[in-house]
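Colleague: Chains as they are written, first to last, in my numbering: chain W, 1 to 302; chain V, 1001 to 1439.
Calculated directly from the structure, the hints in this document are not laboratory data. Just so you know, these numbers come straight off a predicted model, no measurement behind them. Warning: the hint list may mix true and false statements.
[Unchecked claim] Listed next, the stretches of chain V that the computed footprint assigns to chain W, with coverage defined by at least 3 CB atoms under 8 Å from CB atoms of chain W:
#1 1006-1017
#2 1428-1438
[As the list claims (entries may be wrong)] Restraint-style ranges between C-beta atoms, simulated for each label pair:
#3 W:151 / V:1026: 38 to 48 Å
#4 V:1026 / W:132: 22 to 32 Å
#5 W:132 / V:1409: 29 to 39 Å
[Unchecked claim] In silico lysine-lysine, DSS-like type, Cα no more than 30 Å apart, as pairs:
#6 V:1223 / W:153
#7 W:129 / V:1003
#8 W:210 / V:1018
#9 W:136 / W:182
#10 W:270 / W:218
#11 W:214 / W:181
#12 W:107 / V:1063
#13 W:107 / V:1425
#14 V:1018 / W:130
#15 V:1438 / W:111
#16 W:258 / W:271
#17 V:1076 / V:1063
#18 W:153 / W:7
#19 W:107 / V:1018
#20 W:89 / V:1425
Where a beta carbon is used, it is the ideal one built from N, C-alpha and C, also for glycine.
Residues per chain are reported as follows:
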Amino acid sequence: MEYPILKMNQVVKQYGNHTAVDAVSFEVPKGSVFGLLGPNGAGKTSLIRIITTITRADSGVIELEGQLLNSSHPEQIGYMPEERGLYKKMKVGAHLIYLARLKGLSKQQAKEAIGNWMEKFEITDWWNKKVEELSKGMQQKVQFIATVVHEPKLLILDEPFSGLDPINTNLIKEEIRSLHKKGTSIIFSTHRMEQVEEICENILLINRGKVLLKGSVKEVKNQFKLNHFEIGFEGELPTELSNQLEVVRQENNKAVVKLPAEMSPSTLLKKAVQTGLDIRSWNEMLPSLNEIFIRQVENNHG
Amino acid sequence: MDKLRLIISREYLTRVKKKSFILATLLTPFAFVLFFVVVGFIFEYQGEEVKRIAVIDKGGIIKTPLKDEDNLFFTKVTEDIEVLKTNFETSNYDGILLIPELADVMLNNFTIYYYANNPPSLSVETLLKSRVERKIRDFKIEALAIERSALDALETKISLDPEPIKEGGTNVSKVANIIGAAIGGIMGFVMYLAVFIYGMMVMRSVMEEKTTRIVEVMISSVKPFQLMMGKIIGVGGVGLTQVAIWAILIPSMLFVVNLIFGFDSSTGFGNAPSVNAEISMEDTEAMVGLAIQEIGRMNWWIILPLFILYFLGGYFLYASLFAAVGSAMGDDLGEGQSLTLPITIPVILALYIMMAALESPDSPLAVGSSLFPLFSPIVMPARLAFGPPFWEVALSVVILLGTAVFFVWLSGRIYRVGILMYGKKVNFKTLGQWLFYKD
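Model the full assembly from the supplied sequences, consistent with the hints where possible.
Modeller: Structure below.
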């Protein structure tokens, strides 16, 4: 059996009287892109700091590939914090080598890997530039290279796109995809849901340190679906059809209807055809993660 | 261990390679030597003031002519003072010295007059007085018919040689005391500067890492304690490098400057020419010889290693405290003032205690302070040259090193929490709470 890249069981972390992480358990399958979601202050960063061994959990078990988390693991993890910076006075090349060597690479390995990445990003001429001479967007590329240069098995990105311009966002997204293809497991922490739907396979939603939801994106969406269907048509919606259903909303040529629990989608479609409705489109309305997120967090606060 | 070495070398190299470091390291000795040269010239300059002085000797006191020395040139004249005064502008004299008749040989107070457009400078006045005083002395000796050899016999030079009561006790002469005070003072002061300059450097660097937010990236690779120690050791290395360069550059540059300009080192600083005139060349030479002998007699193979021990102990103790405070501070230096003050006050106090300890190295204050670990790194080096009892030194070193280790540990506990805390007003209570946070 293959171990999950990360497994947390009943992990608790307290700061004084405040419980930042409250009995959190979850697994990140190897090679997956995992969304760690939650509003600000939910405990995402506390959780990440435990995984990166910056802090230690008060109790609970954390395993990386079936091994209890230990001090050798940081070299296998690449972490890009939300608040990230660089030494302003250092030259880009020397800076990257320094960070790579702290991750256990030899000087030669570091040079090679950094050279490859800089070529990929077409920034080889920055080697001797000081960090403070770079624009913010340029520094973000350097930070990304520093995060992935040691080929981590587990990549943890905390709000990776915050403050990035659209071009860099796309560039980094591409790199995340290609790392994913190469088998890197990625934990992606954010409160921006559209990015999660685009990138993640599995999610964990936490609030106030507690797990609210977990599972694959599809499972979660199905769990919260309201049986809404959107029908696109020409002409009028026949009353014999609308009488049998709950019409949630209706625009010119579109109607969103709620299916009764006992009725299957194909039955509805059959009925609609029987009424002679000129159907142009047919779509199941799954809730967006954003809706689920807001609903869950609000319920939790309520 | 490997990572610690990486951190140390980065912290050290980035600082040592900085232009500002190279400039400060090289320019400080230059500034120091320049100051020395300027002061030297100022003292030399006084002598440039050439005076031609007409001397009216009414009572025939001056038997042998006054020597033309120190840029003062004397001419004995017979004209009346009134004549000289009216012709003063056309004459080439700068002043007229009038020595009236000595009415009574037994007189102890005697006034001579100096006529000139400007009153004489202090040094000229002193010179004139001492010259005439010696002439009057010679005159009186003759007038009172005193045997000169008998007079000489009255003069006795006393030197005091302190001897220990027990065999093997400390035997310190006066010169040794002065030398000890000088060396001790320099050592204590170097410690004081080192604690301040390099301790502050550690603090600023910790704050910078925190505000630029590189710190979270760093501690995802290394332990916060490693990062803190790497910084403290790296900056300490910078300090040792700088102090070593200064210790070599300043004396050698002073030596070269002395060769070029030929300042007499004894007139270089603070010695008024009048005092100098009283000390004969032989005396000075004897004293320098004695000084060199005393310096040679000190137990350098004990003092130097001890000094380095105190340097390390004091530096680690204070630098770790500065690191802890830096980690607790935000972007605002002013806000941290209340946190740095409790660290800087003992350092400043220690400097004053050190000065007092130089006066009386065995006073209870000096002994107590050289055991107290916050003061001992500055006070004890100043006492080392006076040969304090062995048990005091040993106890003080043990207490200092123990406290340094304890403070490094303590600061590490504050540091690991502080560097990740943003936007929180910090006071001593919160620092205390951080100590007990679990990892």
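Colleague: All hints are to be evaluated individually against the structure, with a verdict given for each.
Modeller: Okay, the hints, checked on the actual structure:
| no. | hint | in the structure |
| --- | --- | --- |
| 1 | 1006-1017 | holds (count 4) |
| 2 | 1428-1438 | holds (count 3) |
| 3 | W:151 / V:1026: 38 to 48 Å | 44 Å, holds |
| 4 | V:1026 / W:132: 22 to 32 Å | 25 Å, holds |
| 5 | W:132 / V:1409: 29 to 39 Å | 35 Å, holds |
| 6 | V:1223 / W:153 | 20 Å, holds |
| 7 | W:129 / V:1003 | 25 Å, holds |
| 8 | W:210 / V:1018 | 49 Å, violated |
| 9 | W:136 / W:182 | 29 Å, holds |
| 10 | W:270 / W:218 | 26 Å, holds |
| 11 | W:214 / W:181 | 23 Å, holds |
| 12 | W:107 / V:1063 | 89 Å, violated |
| 13 | W:107 / V:1425 | 41 Å, violated |
| 14 | V:1018 / W:130 | 13 Å, holds |
| 15 | V:1438 / W:111 | 38 Å, violated |
| 16 | W:258 / W:271 | 14 Å, holds |
| 17 | V:1076 / V:1063 | 11 Å, holds |
| 18 | W:153 / W:7 | 14 Å, holds |
| 19 | W:107 / V:1018 | 23 Å, holds |
| 20 | W:89 / V:1425 | 28 Å, holds |
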